[in-house]
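> Construct the complete structure from the given sequences, taking the supplied hints into account.
Protein chains: 2
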Amino acid sequence: MSSTANDKPARRTGRRVGTSHTQEQIAAAARAQFAEAGYDRATFRSIAAAAGVDPALVVHFFGSKADLFREVMQLPAVSAAVVGLAEVPRSELGRLLAELAIGTLENPATQPVVLGRIRSASSHAEAAELVREGVTRDLSQLIGAITDDRPAERAALVGAHIVGIAVVRYVVKVEPLASMSAAEVIDLIAPTFQHYLTEPL
Amino acid sequence: MSSTANDKPARRTGRRVGTSHTQEQIAAAARAQFAEAGYDRATFRSIAAAAGVDPALVVHFFGSKADLFREVMQLPAVSAAVVGLAEVPRSELGRLLAELAIGTLENPATQPVVLGRIRSASSHAEAAELVREGVTRDLSQLIGAITDDRPAERAALVGAHIVGIAVVRYVVKVEPLASMSAAEVIDLIAPTFQHYLTEPL
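These protein sequences, in sequence, are chains F and E. Just so we're aligned: 92 in the working numbering is position 92 of the first sequence, and the numbers increase by one with no gaps anywhere. Just so we're aligned: 7 in the working numbering is position 7 of the second sequence, and the numbers increase by one with no gaps anywhere.
Be careful, since some hints might not be right.
The list cannot tell twin chains apart, which means a pair is met if one copy fits it or any two copies do.
The calculated DMTMM-like cross-link candidates involving lysine to aspartate or glutamate, where the alpha carbons are at most 20 Å apart (straight line), are [claimed, not checked]:
| hint | residue 1 | residue 2 |
| --- | --- | --- |
| 1 | LYS65 | GLU175 |
| 2 | LYS173 | ASP54 |
| 3 | LYS173 | GLU153 |
| 4 | LYS65 | GLU133 |
| 5 | LYS173 | ASP40 |
| 6 | LYS65 | GLU106 |
| 7 | LYS173 | GLU184 |
| 8 | LYS65 | GLU126 |
| 9 | LYS65 | ASP54 |
| 10 | LYS173 | GLU129 |
It should be emphasised that the hints constitute simulated quantities derived from the structure, not laboratory data.
This is the structure we're talking about:
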């Protein structure tokens, strides 16, 4: 699949490609800084410096800091997960969601996004608002695909447990959770997820 | 019970009493700043300013920043809770622990301590270390009073769920958890706590 004349019309010129590369460099720098320093301490200036560009270019591409955060701190896994959930037996839903959550937290590409969202939301009201939007949308979409019995409560409870595991295992590193294998953690939390997803509340 | 000649030898003079009052003012200021600004942004200087004393006095009374954090961010409820847990039927343990956790989070005196610990631990490695010590000690003590079947795993799982509820309900304020009554939240999480405390893992 060579990309020659078949490129979509929107991708026209060499400059476009260069632009998009710069944009991706800025996004990667922003993601890393939101994850490590949190929303508050990641600034246009520090992100621009890490990406080797002028701060004005960050604003040009992404608009406000909130827009930048919203854009780069997304989790790509959700739509794939909705498809997955629709296809497994009801008795396996808890395990599947536990695997999805721990898989996202173990994956070096997505762990910084999840931990950065939690870290930012815990320390800054505007970031909390952005994370709240994201969590509500993502989890409601997931749980809405499974049940119409109190889906919002179920989503919030599962979400709370995922956030708690993330903080305790990956941020504060409380033993024995911190050193367990991913499979052990999944075994321990899957029954709780099954309860929150499918049993009477 | 007037405190005259019966004072312990260590509490001798008027100056002593004044000293202890200043110490308590510094502790209150430190607690408020750790809770709101987090470990990182709460400094000897800012705490001293809020308490109306010289920064050197904060160091004099409390030593290092870590010592200060450890001293003022303690939860008094734990020893009382251990007594309580020993006295209820096994089938009520989950509900009792849920009531204890939500009660601590709803209480205006202890909520800032819990949220400040989570906020600080999420944004600063040294604070994470201090919170890890505290969580491990407090929860192990609680769970150790109930069972000797994998108490450390049980403590970490319950702890993770409490931390998650705290972040989602009180910090990020995800609905419908944020607006529920405390009693509703307790009803929803008590079965999970019961599972983690008393059922096979």
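> All the hints need checking, so say for each whether the structure fits it.
Hints, verified against the model:
When the C-alpha separation of LYS65 and GLU175 is checked against a cutoff of 20 Å, the pair qualifies neither within a copy, at 36 Å, nor between copies, at 24 Å. Taking identical chains as interchangeable, the C-alpha atoms of LYS173 and ASP54 are never at most 20 Å apart, the minima being 37 Å within one chain and 36 Å between chains. In this homomeric assembly, LYS173 and GLU153 come within 20 Å of each other (Cα to Cα) only across copies, at 13 Å, whereas the closest approach inside a single copy is 28 Å. Within a single copy, LYS65 and GLU133 get their C-alpha atoms as close as 16 Å, which meets the 20 Å cut-off; across copies the closest is 35 Å, which misses it.
Taking the closest pair of Cα atoms, LYS173 and ASP40 come within 20 Å of each other only across two copies (19 Å); inside a single copy the shortest separation is 23 Å, beyond that limit. When the C-alpha separation of LYS65 and GLU106 is checked against a cutoff of 20 Å, the pair qualifies neither within a copy, at 27 Å, nor between copies, at 33 Å. Taking the closest pair of Cα atoms, LYS173 and GLU184 come within 20 Å of each other only inside a single copy of the chain (16 Å); across copies the shortest separation is 30 Å, beyond that limit. Taking identical chains as interchangeable, the C-alpha atoms of LYS65 and GLU126 lie at most 20 Å apart only when both belong to the same chain, with a minimum of 10 Å there against 28 Å between chains.
Taking identical chains as interchangeable, the C-alpha atoms of LYS65 and ASP54 lie at most 20 Å apart only when both belong to the same chain, with a minimum of 15 Å there against 37 Å between chains. With identical chains, the CA atoms of LYS173 and GLU129 are at most 20 Å apart between copies only, with a shortest distance of 8 Å across copies and 26 Å within one.
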